[in-house]
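Residue numbers (our numbering), protein chains in the order written: chain A, 1 to 365; chain B, 1001 to 1615.
Incorrect hints may appear among the rest.
To be verified - Selected chain B positions facing chain A (in silico; Cβ < 8 Å):
1. Leu1010
2. Leu1014
3. Gln1044
4. Met1088
Unchecked claim - Chain B residues, not near chain A, derived (Cβ > 10 Å throughout):
5. Ala1047
6. Trp1430
7. Pro1465
8. Arg1515
Stated by the list, open to error - Far from chain B by the CB rule (all over 12 Å, computed), these chain A residues:
9. Ala28
10. Ser52
11. Asn132
12. Ala143
13. Ile151
14. Leu159
15. Val189
16. Gly237
17. Phe239
18. Leu286
19. Phe313
20. Phe314
21. Ala317
22. Ser342
These aren't lab readings, by the way, just hints derived from the structure by calculation.
Even for Gly, the Cβ is constructed at its ideal location relative to N, Cα and C.
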Amino acid sequence: MRGWERGILTQFDYALFLGALILALLGALGIYNASPDSGDYSFFLRHLLWISVGVGVCLFVMSLDYHFLADHAFLFYASSTVLLIGILFFGTEINGSRSWLTFGGLSFQPSELAKLTVILLLAQYLGQLNENYLEGRHFLILASITLFPMILITIQGDLGTALMFLPILMGMVVVAGVKKQLLAGVLVVSLCVAPVSWFFLQDYQKQRILVTFDPGLDPQGIGYQSRQSQIAIGSGGLFGKGLGQGLQSQLGFVPEIHTDFIFAILAEEIGFVGSILILMLYLFILMRLIHIAETARDRVGILISTGVASLIFFHVAINVGMTLGIVPPIGIPLPLLSYGGSATVTVFAALGLALNVYQRRFVYF
Amino acid sequence: MPIFQDNRELVRRLNWLRISFVLVFVCLFAQLWSLTVLDFDYYQNLAERNRVRILPQIAPRGLIHDREGRVLVDNVYGFNLLLFRDEMSDLDATLQFLMDGLDITEEVLRERLKAAGSYSIYQPVVLKENLSMEETAYLLARQSEHPEVEILTQPRRIYRYGSLAAHVAGYVGEISPAQLQEPEFRQYKAGDIVGQFGVERTYNQTLTGRDGRRRVQVDSRGRILHDLEQIDPIRGEDLTLTLDLDLQATAENLLGEDTGAVIAFDARNGEILVMASRPAFDPNQFAIRISRKEWDQLLENPDHPLQNRTVQNAFSPGSTFKIIMALAGLERGIIDAETTVTCKGSVDLYGHRFHCWKEEGHGEVTLLEAIQHSCNTYFYLLGQKLGLQEIAHFSRQLGLGVPVGIDLLGEASGLVPSEEWKRQARGEPWYPGETISLAIGQGPILVTPIQLARAVGIIATGRSPRLHLLKGDSQQGSTAGRELLSPVFAPENLQTIRDAMWSVVNEGGTGQAARLANYQVAGKTGTAQIISLSTREQLSESELESLEDNAWFVGFAPRDDPEIVVAVIVQRGGSGGSSAAPLAREIFRLYHAKYKNRGPAGVEVASQANQEKKL
């Protein structure tokens, strides 16, 4: 608990924290505008509640020394895995995937929690290696840590969320060190495997990939979603149509506007200028996270921050890429902006980890 | 954990991360720029074409049948003109376009638009119902120039028999702003059509269906590109009334141009068979939105055609009240069947002379004869002995002074006087002389036809089933008047009155005109003065002519095990015996002809009757 007593005020990364809070509140604004029926503010109010829960969890995670957390990483990992297994039997099915645990009126997605425990265990494992480059045997362990929850989440029917573990692993491995030959090898193998894996994809998944490259293929089906999202964003123009005026989104052309496509309604209403500001805020947060990694006191700290940065980066890049029509539609939320309790709390907890590392960056106080 | 870590290599690699993050974000910026700025015109054009229209699919209301399943209230579909205000660019141009080809004035159009001011802008406004073929053709031919208007088939109410049973069926109309505030109408929105009167109003919730909607994508010319969503409307539940349209039509035809009311119900289960009120109105006038002019005409009509006289108006009961007096006298032991009074044409009480209607007097009369010939003197003296309190008590026992709880809104309570009422309403004490007038049903006592009919029903059967209009609804329902559902009177007293009522019709009494050869009708006439006697004396002959009395006939049949109770009032109809009794007779006659072989539920019991014959 060293550092908490002195560090809470002096070593707190206000900029990072405030940046995240502003984004979350912008998300609340978007959700307010996206409420299906005017006058129904239940999504908006619940989102505000989740933000406050998230802030609380963030501060709590920050208060526990990350070394303590890393030392117990396997315990956390095992617990979240148990939850993922349990969900296969006791889970609630929402929107076609059985990935929710419901207590009373609250739903919770253990797959979100698993992202954090995987980051923590990967960082713990990589942190204790005092080598600048990883060997093949290390990869075996890293792959099994990551693949196990991925497989469980895929079984639940949430392929999009499962796939998000790979880029997180990739980000952390790149920093931990990969020999150039090995990296090249992975790239070559991926390029060879990709066409083969095509045959293992479901038809609708193939469709999604195809329409990304040619939206005209199916203007009413799969391509419809991302096409409508592009129309909404494009018609917003430089300055947007004004809050509450985003007719494309409001009239129901754009699907899932309060969750996966929240960026579309915001871009339609606040235009290029406003959207760029949002993206800049994300970039700012990412730069802060890399800075935290750079100034971290030890390897575990570096890798935790790297994992958190990768988590946020890939979610933002893929989600925004999807609404802009340059990435196939995958159902993943936009961190801090999308409606959703588990995702919001998870991102705040992840930021709590990074703030934790930042606070304890000096060896001696 | 190693004691010393050299992490410089890792920190260096973080730069790769930093660079790739920035590069990816630059790609996102570029794509954003390309969509919102470079291709803005293209996407704006697409967005223009991306219009959604929600076409309301109004659910038809449930049908209303009579007791034999004949459809009284139905739905028809007509072409309605809808205006989508969110797509309108120039109001005046739109209105001009509509006035050019439609049979409609600017005034009406603006009135409709104003009335729709409280709707959501996306909710279309119905500007004209039931378009003609020419109008439809005109609109269709020019739709591409005026995408803001749309023709939609929508259901509306049709009352198959016009004004027949209009007061029971009621009418529908657009929900009023005041109604929107009421909890009962919580699930309705502005512009919805709801029941406003009659059973349309009472059973509005049941009759109302669930509206559907069709969400379509339209292009900028209003052409439908494709369906986004379709929710089919669900028709409301049907109602079966207890009314018998044959009897109803007979009653209404016989009332004809007269002002008055007829009510008849099944004495055994309280099912209303006839509820007629004249003058009437045509509810079809309301089904297509009623214009202000038509509405004003109905409201300003001095005969108040919108009022259901059987339940909403209270009248002086006149001599029909004598049967209630007689029951009170018998129950209190003041008189018995043998008690006689000598009528000399008038009697002096409390320093005032009270006249019998027969100037030379009836001579010595028993109770039976007093009812049979409607002798006032007998009841003056009975009233004096009973006193106000007892008269009021038995009136209430027979259900006067409170609504009967029929399943219609706006039922009148009538009036049963008391000393306290007099003090409060008039600021005067009750004068003993008023009790004497009250004894013959004059003075401050008012009854609705349905109240009086129920009182007769209690005398006829000793029971008081709940009166109702919805078939199969004799158990549940309104609590109004519940406390008098179990009146207890001595059976022999009721029998005495029933015998007297039978003689009114069958033994040369005042109600002879209601007599039927094959159906034992019992009844009582009444002639209620609309004005007081003292005023009457100041009027000329011709003035008196126009102020004829209200004529009553109340009765039941058959004498033993009564099946049907009838009450008739003809306003300004002279004496009850001459105008109301013949009308009641026709109801009894037709009822008997139609139902002689059926039980109370209208089920054939012919086989049973045949068996009895064999025995």
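The hints, checked one at a time:
no.: 1; hint: Leu1010; verdict: holds, 5 Å
no.: 2; hint: Leu1014; verdict: holds, 5 Å
no.: 3; hint: Gln1044; verdict: holds, 5 Å
no.: 4; hint: Met1088; verdict: violated, 15 Å
no.: 5; hint: Ala1047; verdict: violated, 4 Å
no.: 6; hint: Trp1430; verdict: holds, 58 Å
no.: 7; hint: Pro1465; verdict: holds, 47 Å
no.: 8; hint: Arg1515; verdict: holds, 68 Å
no.: 9; hint: Ala28; verdict: holds, 22 Å
no.: 10; hint: Ser52; verdict: holds, 29 Å
no.: 11; hint: Asn132; verdict: violated, 5 Å
no.: 12; hint: Ala143; verdict: holds, 20 Å
no.: 13; hint: Ile151; verdict: holds, 27 Å
no.: 14; hint: Leu159; verdict: holds, 22 Å
no.: 15; hint: Val189; verdict: holds, 20 Å
no.: 16; hint: Gly237; verdict: violated, 5 Å
no.: 17; hint: Phe239; verdict: violated, 9 Å
no.: 18; hint: Leu286; verdict: violated, 5 Å
no.: 19; hint: Phe313; verdict: violated, 6 Å
no.: 20; hint: Phe314; verdict: violated, 9 Å
no.: 21; hint: Ala317; verdict: violated, 5 Å
no.: 22; hint: Ser342; verdict: holds, 25 Å
The structure fails to meet hints 4, 5, 11, 16, 17, 18, 19, 20 and 21 from the earlier list, while all remaining hints are met.
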